Amino acid sequence: MKRTTTIALTALSAGVVLSAGLTPTFLTSTKQPAHVSAPAAARRASGVTTIVWAAGTISGNGLRQDMVNHFEKLHPTIHVKIVQEPSNTNTTRAQLVSEISGGATSPDVYMGDVIWPGQFGSLHLALPLSQHLSKSFFSRFAPGLVQGASYKGVVYGAPFFQDSGFLYYRKDLLAKAHLPVPRTWQQLMHDSLVLQHKHMVKYGFVWQGASYEGLTCDWMEYLTDAGGQVFNKAGKPVMNSPQAVKALTFMRSLITSGVTPKDVITMQEPQAMTAFNDGQAAFLRNWDYAWTNSQTKGQSKVIGKVGVVPLPTFAGHAGTGYATIGGWNLYVNPHSKHLAADLTFINWMTGVQGQTILATKASEIPTNAAVQRNPQIRKLNPVLSIVSKTHLIARPSQTPQYPAISLAIYSNINAALAGQVSVKQALQTANSQIAQAANKSGL
Amino acid sequence: MRLSKLERRSAIAGYAMLSPAMLVIALVTLFPIGYSVWMSMNTISSTFTGFQFQFSGFKNYGIVFHSSLFWQTLWFTTMYAAVTVVVELVLGLLVALALNQPIRGRGLAIAVMLVPWTLITVISAQMWGYIYNGIYGVLNYVLMSIHIINTPFLWLGTPTSATISMMMADIWKTTPFVTMILLAGLQLIPSELYEAAKIDGSSAWNSFWRITFPLLRPSLGLAALFRILQAFGLFDLPFVLTNGGPGTSTMSIAMLAYQAIFNNGSFGPGTAVAVVTVALVILLALGSLKALRTQVGEIDT
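As you go down the protein sequences, you meet chains A and B in turn.
With the first letter of the first sequence counted as 1, position 122 gets the number 122 in the numbering used here; the numbers rise by one all the way through.
With the first letter of the second sequence counted as 1, position 267 gets the number 267 in the numbering used here; the numbers rise by one all the way through.
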């Protein structure tokens, strides 16, 4: 007995030490050794530089490789290796923060959200592009984009494609039921109820209601359209306003009326997209790519049955609703060992040729002004002709504290949508947490 | 306690042989912990050439202890650990008692039982995500086809049901681990004790409480300890299954540290959360160890 006890206790204490050590391992990974590109010497000998491009899926049809192939043909001395980024922007960010703050030299170039310049600039996770590229480089972009990619006057990202929210609808169903394309939110709700009542479709309207960045985007559209703001001009959080109550009450009523399935509170982009592509919903709020996505064989049952318009507005307002500005920039890892190749790559990707491929093979909005204006490209890309008609709204992302601010927004809105707290309570909590976050508490 | 010359010599040899292993443990365990403690006591800024530290004492801890989110995640993690560990111990004990009988197909039963434990949590969590899904989830399908519910239920949609759903996934995965430890403990109990009890006319129920349970206490304590330590590091299951939602109601303390460090870039406060967790886990471990040791002492006398 005595002997077994001693053995058990030794095993125990070893277990304690090991388990205690397990908890903080992910902390130390912030300081992981720099990746060494092993066969670099071999490639240098053959005169080819390999750069790693971390990029998320664009429209899901091999577009990235297509663009890279074009680029490599023109620049035979540069080989671009694509590394997949996760579909959830928060996960992508966490990965890049841990890699780059730890001094990793790879990826060399990465696709990053438009809301990152504040945080990535202040944490030095992105190369200040304006210090390495001339002013004339930045004049190719559509107005406002370069400013959006800057923090404190320094440009950190090269705008790659622009994104904004749209309303996708089933034109076949609306025609069959003799309904107009909704211009107001109330109309959308009414149309949905009619279609659902006639058993023509299971759900009315699907969107992004999960507890993640995407919900902040959706929320900004309702909030701004109702006349509300996150911060007032003096920088004070004002999200517990009557306007915000109106916006959130409407979103919640979409769920309680059955127009939107309860599941919306767990839906990120892919889940909402799948429901629409499967023909389960009459309306979808999604970004540019949803056009191509809904018209691709093998992944959509609604090819040829989809229309796209600006997002609706609240009844009584003229014009269209608001669309949140999204999109992706190309950033350079400040530890990259192939700066010249990185900049050559960025130059081509944001140039006329790269942007034309992006705008015609995928329904993305090009950032290159010349491509954006080209009438022939507009004809091929229905989203592009609509974007000029819509009101755009930016998220309050010009601060390094934005991630915590956004967490305060989407976690509380999500709780209210779930019916877990009242609309007023959620907005009040959100507002005080936003104030805390903006106050640099750091948690 | 005085050691003889011989004993002392063998003790020195023993420590000498242990020292390489101890050195490795120190490097991979003590250094990271020490470094984290150091990080948590600094204001850290990330620069192009690496991190810059500026000593700030307990400032980060002040931030952590004033954060309502910290207390919420701490409560969630503690409650989650308590419930899952108790349920897993009870279930694990029942299964282990069954498997300790000389029944046919016991080897096969043990092999099948171990399948959940061998699956990687990220993968089994994805699987549970599909099972719980409100639109095409198999759980709703089964419950609706046998008329237990009429409309699909959103399992991950409310804090209570999301927590319970997550606990189910955890219990399904980890009970086999507890069972294995308890089964090993059961097989150490000499069968003569049961034979003697039988001759004395003791019932099976009585034998369990007078023989099995007291002698199994060290194994139960060991299983509980391992499980408590794991449960406090809870990360992958909520990360995949709920992402902490709805709201932040299923956010574990490890997720909070991850969120602070990698999403917010708040390296100082984030490491402070992690250090508080480590301190808590060490205290719990020492507490359980002490409880275990006194129990073992009781048995010896």
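Since the hints were made in silico from the structure, they are not lab data.
Nothing here was measured: the structure is a model prediction, and the numbers come from that model.
Be a bit skeptical, because a hint or two may be false.
Claimed, not checked - Computed footprint of chain B on chain A; a stretch qualifies when at least three of its residues, placed anywhere within it, have a C-beta under 8 Å from a C-beta of chain B:
| no. | stretch |
| --- | --- |
| 1 | 68-80 |
| 2 | 85-95 |
| 3 | 123-130 |
| 4 | 201-213 |
| 5 | 400-414 |
We put the CB at the ideal spot given by N, CA and C, even for glycine.
Structure-based check of all given hints:
no.: 1; hint: 68-80; in the structure: violated (count 0)
no.: 2; hint: 85-95; in the structure: holds (count 4)
no.: 3; hint: 123-130; in the structure: holds (count 3)
no.: 4; hint: 201-213; in the structure: holds (count 3)
no.: 5; hint: 400-414; in the structure: holds (count 8)
Going through the hint list in order, the structure does not satisfy hint 1, though it satisfies all others.
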